[in-house]
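A.B. asks: Letter by letter, the chains look like this.
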Amino acid sequence: MTLKFSKDHEWINAADANAAVVGITVHAQDALGDVVFVDLPEVGALFAQGEVAGVVESVKAAADVYMPVAGEIVEVNEALRADPSLANSDPLGAGWFFKVKLSDAGQLAALLDETAYNDFAANS
Amino acid sequence: MSAMSDALLTTPLNALHLELGARMVPFAGYSMPVQYPTGLMAEHQHTRSGAGLFDVSHMGQLRLVGPDAAAAFETLMPVDVIDLPVGKQRYGLLLTDEGTIIDDLMFFNRGADIFVIVNGACKAGDIAHIQARIGQRCEVIPMPECALLALQGPQAAAALARLVPGVDKLVFMTGGAFDWQGTDLFITRSGYTGEDGFEISVPGTQAEALARALLAQPEVKPIGLGARNSLRLEAGLCLYGNDIDTTTTPPEAALNWAIQKVRRTGGARAGGFPGADKVLAQIDNPASLAKKRVGLVALERVPVREHTELQSEGGQKIGEVTSGLLGPTVNEPVALGYVAPAFAAIGTRVNAIVRGKAVPMEVRATPFTPANYYRG
Numbered sequence: 000m001t002l003k004f005s006k007d008h009e010w011i012n013a014a015d016a017n018a019a020v021v022g023i024t025v026h027a028q029d030a031l032g033d034v035v036f037v038d039l040p041e042v043g044a045l046f047a048q049g050e051v052a053g054v055v056e057s058v059k060a061a062a063d064v065y066m067p068v069a070g071e072i073v074e075v076n077e078a079l080r081a082d083p084s085l086a087n088s089d090p091l092g093a094g095w096f097f098k099v100k101l102s103d104a105g106q107l108a109a110l111l112d113e114t115a116y117n118d119f120a121a122n123s
Numbered sequence: 000m001s002a003m004s005d006a007l008l009t010t011p012l013n014a015l016h017l018e019l020g021a022r023m024v025p026f027a028g029y030s031m032p033v034q035y036p037t038g039l040m041a042e043h044q045h046t047r048s049g050a051g052l053f054d055v056s057h058m059g060q061l062r063l064v065g066p067d068a069a070a071a072f073e074t075l076m077p078v079d080v081i082d083l084p085v086g087k088q089r090y091g092l093l094l095t096d097e098g099t100i101i102d103d104l105m106f107f108n109r110g111a112d113i114f115v116i117v118n119g120a121c122k123a124g125d126i127a128h129i130q131a132r133i134g135q136r137c138e139v140i141p142m143p144e145c146a147l148l149a150l151q152g153p154q155a156a157a158a159l160a161r162l163v164p165g166v167d168k169l170v171f172m173t174g175g176a177f178d179w180q181g182t183d184l185f186i187t188r189s190g191y192t193g194e195d196g197f198e199i200s201v202p203g204t205q206a207e208a209l210a211r212a213l214l215a216q217p218e219v220k221p222i223g224l225g226a227r228n229s230l231r232l233e234a235g236l237c238l239y240g241n242d243i244d245t246t247t248t249p250p251e252a253a254l255n256w257a258i259q260k261v262r263r264t265g266g267a268r269a270g271g272f273p274g275a276d277k278v279l280a281q282i283d284n285p286a287s288l289a290k291k292r293v294g295l296v297a298l299e300r301v302p303v304r305e306h307t308e309l310q311s312e313g314g315q316k317i318g319e320v321t322s323g324l325l326g327p328t329v330n331e332p333v334a335l336g337y338v339a340p341a342f343a344a345i346g347t348r349v350n351a352i353v354r355g356k357a358v359p360m361e362v363r364a365t366p367f368t369p370a371n372y373y374r375g
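Protein chains in written order, with numbering that gives the first Met the number 0: chain E, 0 to 123; chain B, 0 to 375.
The set of hints was computed from the structure by calculation and includes no laboratory data.
Owing to the predicted nature of the structure, the values given are computational and were not obtained by experimental measurement.
Note that the Cβ used here is the ideal one computed from N, Cα and C, for glycine as well.
Keep in mind that a hint or two might mislead.
Stretches of chain E that chain B covers, calculated by requiring three or more beta carbons in the stretch to come under 8 Å of a beta carbon on chain B [unchecked claim]:
no.	region
1	28-41
2	109-115
No farther apart than 25 Å at their CA atoms in a straight line, the calculated lysine to aspartate or glutamate pairs in the DMTMM-like style are these [what the hints assert, rightly or not]:
no.	chain 1	residue 1	chain 2	residue 2
3	E	K100	E	E77
4	B	K356	E	E71
5	B	K356	E	E113
6	B	K356	E	E77
7	B	K356	E	D118
8	B	K356	E	D82
9	B	K356	E	E74
10	B	K356	E	E50
Let's have the full structure, built from the sequences with the hints guiding it.
C.D. replies: What follows is the structure, given as structure tokens:
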């Protein structure tokens, strides 16, 4: 399973549809600068696609984290809460934000693939 | 880039910023470096441990010339201008006729003139105001031909003295004219970071050469406006437009320290500045204040940003945060804000309402980090 990307600069790895991993993109963390705080959702919370599920803050700015797909939060990254700089140092790996049980796997198809996202990010 | 950015001004260091890989943002009408590739946190820490070079050429520089300049300038501010000795710098505040703050500034008695540095976003208005109010009594001469560099940090003196011998003899809030390879510099030992350091007025044509010479020193790295903001906030220094503006008076802004006794009630030159009746009444009767600026620290690790509402523990609105971020050196969320005077005492607990949730904060003394000025 490859990564899919939202136009809100989240990535999702839905290799496991019951625990799809979500984080912010390399482009997003670069635009924010040094991340110093994350506000993560509660496990068990239900979100619609595009709803605000969390917050990521650098010293200079705060940004919302949007749900790339609808679903239920099944796990959050406590290591990221303890060390928000993981969002900078390893945004696609150890800096993941939360895992989602997908409500509608069909929503994945409308997300961007890596090439399309990089193109979008370069021009946004 | 949008059409807006085409209209932005640039400083004489623009090409150098781009060469260094800076992220440029619009600020005060200029395209300015907000950070370099090392990032805000590293830049902040470097300024606290080494020496950071800032381009602050967007700020306004001007000269007031004539035998009556000091007396005239004193009519615009609640501070002692007349008795400032030659060779010394002081903090000043331009006030409206209602006693609220038009801008904060630094002024320096150079003997032959008064050298003034004002905020970039305010400079056109300030110069017009000064010209209109006292232009009959002295010459008001803007200095757009000059750039302004700041070199800040505990190693700033060693680095700058290698290029400009003698600057290390200056103490905090003094300065003088220096020569660097045939270029006239005017250097003050002051800044906006809470650290020891210097501000260097240099002809724009020579600014890039001087900046490159400073960056060639092993202690010196370029620092963007992002770190400038986090450094000044940890130092407890106001940012005009956030923490002070035309809705705040000096006593409300906790800036009474900037108003020398000679201009206060009972002083030899009491009053005689715009809004004096109101400002002096507030100093003489602090209980009359509607709000007061305080330092705040969040007791949870949640940054509390400008415009965040402050409430009493009972849930009543008591004020608002005007600047706030996670301080990279203090490693906790710090803020400046205004509260009702009953909540201004050090140690008072209040709540900041962040995304609908109450984050407990405590009123703290500023600066949040100890100042590190060189007083000789």
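A.B. asks: The structure should be examined with respect to each hint, and the outcome stated for every one.
C.D. replies: Tested hints:
1. Counting residues of the region 28-41 of chain E whose CB lies closer than 8 Å to any CB of chain B gives 5, so the stated coverage by that chain holds, three being the minimum.
2. As drawn, the region 109-115 of chain E meets chain B at 0 residues by the rule of a beta-carbon pair under 8 Å; below three, the given contact is violated.
3. For the hint pairing K100 (chain E) with E77 (chain E), the CA-to-CA distance comes to about 18 Å; that is within 25 Å, so the pair holds.
4. Pair hint K356 (chain B) plus E71 (chain E) holds up; C-alpha atoms about 22 Å apart against a cutoff of 25 Å.
5. Using a Cα cut-off of 25 Å, the hinted pair K356 (chain B) and E113 (chain E) is violated, with the two alpha carbons roughly 36 Å apart.
6. For the hint pairing K356 (chain B) with E77 (chain E), the CA-to-CA distance comes to about 20 Å; that is within 25 Å, so the pair holds.
7. Distance hint between K356 (chain B) and D118 (chain E) is unfulfilled; the C-alpha atoms sit about 37 Å from each other, more than 25 Å.
8. The hinted pair formed by K356 (chain B) and D82 (chain E) meets the criterion: a straight-line CA distance of about 22 Å does not exceed 25 Å.
9. For the suggested pair K356 (chain B) and E74 (chain E), the alpha carbons sit about 22 Å apart, so the restraint of at most 25 Å is met.
10. Proposed proximity of K356 (chain B) and E50 (chain E) is supported: the alpha carbons are some 18 Å apart, at most 25 Å.
The earlier numbered hints that this structure contradicts are 2, 5, 7.
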